[in-house]
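Residues per chain are reported as follows:
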Amino acid sequence: MIEVLIVLIMTALATATLGVFLLLKKEVMTTDALSHTIILGIVLAFFLTEDTRSPLLILGASLVGVLTVVLIQWLQNIKLIKGDAAIGIVFTALFALAVILISRFLDHIHLDLDIVLVGEVLFAPFNRMELFGYSIPVAVVQLGIMAVINLLFVVVFYQALKITTFDQIFARSIGIFTVLIYYALMVLVSVTAVTAFDAVGAILVISFFVAPAATAYLLADRLSHVIMLSLGVAVLNSIVGFFIGYYSDLTISGTTASVAFVTFTIAFLFNKDGFISKRVRRKEMHSDLLQLMMLKHIESVSDVGKEDVYSHFNQSQRMLDDAFQSLQKRNLITSTADKMRITDDGVRLIQAKQVEFGLTTRGVES
Amino acid sequence: MMDILSSFSFQIVAIGTMILAFACGVIGTINVLRQNSLIGDAIGHAQFPGVVLAFMIVGTLDALSLLIGALIFGAFAFFVIQMINQYSKISLDASLALVLSSFFGFGMTLKSYVQGSSAYGHTGGIDDYIFGQAAYMLRADVNIILIVSAISLLIFIFNYQRIKIFIFDPVYSHMIGNKPTVMNALILVMTIGLIAAGLKAVGVILIVNLLIAPGVIGLMWSKRYLYVTLIAGFSGLVSAFVGTYISTAYVGFATGPTIILCLSAIVLFSILFGTHGAVRNGLMRRRHAA
Amino acid sequence: MEKLITVDGLTVTYNEKPVLWNVSTSIVENSITAIVGPNGAGKSTLIKSIMGMVEPLAGDIKINGQSPKKMFDQVAYVPQKSDVDWDFPTTVLDVVLMGRYVHKGWIKRYTKADVKRAEEALETMRMSDFKHRQISELSGGQRQRVFLSRAIAQDADIYIMDEPLQGIDVVTERLIMQTIHDLQQRGKTFVVVHHNLATVEKYFDHVIILNKEVVAQGTIEEAWTKENVATAYDESSVTL
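Chains as they are written, first to last, in our numbering: chain F, 608 to 973; chain X, -1 to 288; chain S, -17 to 222.
Treat each hint with caution, since some may be false.
Said to hold, decoys possible - Derived list of chain F stretches under chain X, where covered just means 3 residues or more per stretch with a C-beta under 8 Å from a C-beta of chain X:
no.	region
1	632 to 643
2	683 to 695
3	860 to 873
Derived by calculation from the structure, the hints in this document are not laboratory data. Keep in mind it's a predicted model, so treat the numbers as computed, not measured. Note that beta-carbon positions come from the ideal geometry of N, C-alpha and C, so glycine has one too.
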C-alpha cells in the first residue's frame, strides 16, 4: 500500500515541476494533446518489440509526443489556422489512428480502455525490479528518475526558463535558445506523461500537470515560490486522494484529480486576490463611489429633494438608502425637510477624491 | 457493396453520424473562428460525470436521461470555466485543461463507485461515452441526434446574420442591439447540445474532431462565411458516410476513429492544396513563417 | 441650434474607479463634434454610453428625447480597427451589407434593394472595385473606408466614430473628411473621437475636451483654447 502511495507522489512531483511552466507558457492544452497521442507511440513501439514492458515503448511514445508538438508548432507557424484548432485536429487524428491500429491488429491483446484513460496506480507494485538487492516497483524507479531529472532541469535552466516564459522576444535577443528550451521542456513533458501513463492514464495526467500549478499560481507571487508551493500542493493532493480512493475502493487517480480540483477551488475562492475578497472589495468600493457621486450630485444641485437624487442613479433602492444614511452619519450632508445640502466636510471630501482619481481640480472654485 | 448500403444497421449508423457531422461542422465553425475550438474538448469530457450521475439516479442507460445529465454538466463546466477566467489570472487553456481533467476524474470516480456497488445493474455502455460505439447505434440514439441537430441548425439559420456580425465585429454587434451574453448563450446552447447528443454514438474524441476539422477545411477553400460553413457541413457529412462504410465493410475499423481519419485526410489535403492553403500561399517555403 | 444628444451627470466606473465622472454635455444637431482628451480620458466610454452599450453608475442619456437603447437604428457606428476579427471569411460587400441589418425583420434576409444601397455606399467611398475582395487583403485606409461605407448604408442620422483617422493614408483621410462634410450638408450629425490635436480646428465645428470629466465644450471658437487643452492634458504648454 505504501508503495502505491509512493508511486502516486512521485508522479505528482515529476508532473508538477513542469506544470508551472506549461501553465505560464499557455501550453497546457498542447500537453493534453500529447498525452493522448503517446498512446499511438506505445502502439507503434509495441509492433516493433512485441513486449508490453519494453523500455522502447517509453522511447517510442515520447517520440510521438514530441512529433505531436512539432506538428502543432508547424501548423501554428504557417498561420493558416488558429493555434487551438491546430491542437484539436492533430491530437484527434493521431489518437484515432492509435485506436484503429489497436482494434485492427492488436485485437488479441486485451486493452482495458479505463486504464488507458485513467490508469491504475494499484497495479504499479506488481511490476518489480531488483535494485541494490531490494525489490522495488519499476514505476517507483522510473518516476523517481523523472522527478529528479525534471527538478534538475528546472534548477539548472531556471533563469533561462524564467526569461523565456516571461518575454520570449527579449530572451531571444539576449541569446537564449528559446526554441531549444521549448523543445527540451516538451520532450520532458512527453517522457513524464509516458512514465506516468500506467499509473494515472492519458487524461488524468493533465490534472497532475495543471491543477497543483494553477493552485500555487493563485497563492504565490514569485516564480520560485509558485514552483515550491505547487510541489507541496501536488503531494498533499496525492496523499488525500490516495486515502479516499484506497479506503472507499474508488479509482485513486480519479479521486486525486477530484481532490486537486477541490484544493484549486479553495485557493480560487479564498486567496487574497480571489473570488470572495474580490467580490467583497468590489462591493465596498461600489458603495464608497456611490456615496461620493451622491455627494457630488447634491453639491451641484443644492437644496435638492431625496426623490430627485434617487432618480438620478441607476441603483437599487436599498443601495441608495444605505448610501444616503451613511452620508448623513458621516456629516457630509445636512438634510432638512426633504431638502439636502452638502456640508463643508463634504466639499473637502470631494476635493480630496478628485485629486485621488487624477481629475482636474476645478472643484476648488466652488 | 449494395449489401452494405441496404443493410438496416448501416443505414441507421450512417444517417446518425452524417446528420451529426453536418450539424457539428456548421456549428463548430463558429468556435473555430472565435478561437475557441477546444471548448468542445473540455465540455465533452466534463459531461462524463453527468452521464454517470444520470445513470445512478435513473438506474438504466436510458438515452434521454443520460442526455439531460450530460447537458447539465456541460453547462456547469462552461460556467466554471467562465468563473475562473473572470475572477483569476489563470489563462483560458489552463482553465479548459483543469476543468476537463478534474470533471473527467470525478466521472471516473463515480463510475468506479457504481461498478463496485451491488446497488446498480449492468454498467456496460457507460464507456461508450468516451470512445463511442457508433456501430451499436440504436434508433433512439439517431432520433436524439436528429432532434438536437435540427434544433441547433434552426437556431443557426434564424440567427445567421446575427452570429456572423457577432463573430466578425462584436462591438458593432452589441451596438446594433445584440447583447453579447445572449449571443454567447446561443452559441453555447448549440455546442453543448450537439456534444451531449453525439457523445454516446461517437465518443468525445470524435465530437472534438467533428467540431474543429470541418471548419478548418472550409477555411482552406473559401473566404466567404456562408461557403465556409457549407463546405464544413458537407465535408463532415461525406466523411461520416465514407467512414461508416469502411467500418462496416472491413473488420477492425471502429466507426468513430475511421470518420476522424477520413476528415483528417481531407484536412491535410486542404491545408496543403486548398485555394487558401499552404502551397498556393507559398507558405511551404516559410516565407511568412515565424 | 437644437441639442440632439444630451448627457446629464454621467458617471461610469470600471473596476470601481471612475472612468467618467459626472459628465454633462450635449451634441448639437447637424454638428461635427470632436471628442478629444488624453489616453484614459474616457472618450471611448463616452461614445459607448451614448450607444447604450455601457451601464452607467449614474446619469442619463437621451437621443432625441429617447433612451439610446431604442435609438440604435438611428446611430451608425464606425469602430476602432482593433475591435474586429480581420481573418473572418467575408467580403467587402458583405461587411457593408451588415449596415442594413438594423432595418431588417426577424430573420434578417437582405434584398436586392439592400445590396443596391450597399453598393452606393461603397461608390461614395470609392471602394466599388474592391467589393468582392476578402477583407484581410485590404490596407488600413481601405478598411476604414469599408467601415464608413457600412455606416452610410445604415442610413442613420447620427454617426459615431472611434478614431477613424488613426493610421490611415492622406488620401483616405481627405476622402473621409470630405464625405463627412457632404453628409453634414444632408443634415447628418457626427461625433468623432479624435487624437490629432493639430487637425481639430480644420475638421470640426464643435469640440468636447474630456479628461474623465468635461474640461471644456462648445464651438471651436469658444472651447478650443490653449488653456483648456493644457488643463486636459495636464501640461503647461501645448502647441495647437
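Results for each hint:
no. : hint       : verdict
1   : 632 to 643 : holds (count 7)
2   : 683 to 695 : holds (count 11)
3   : 860 to 873 : holds (count 9)
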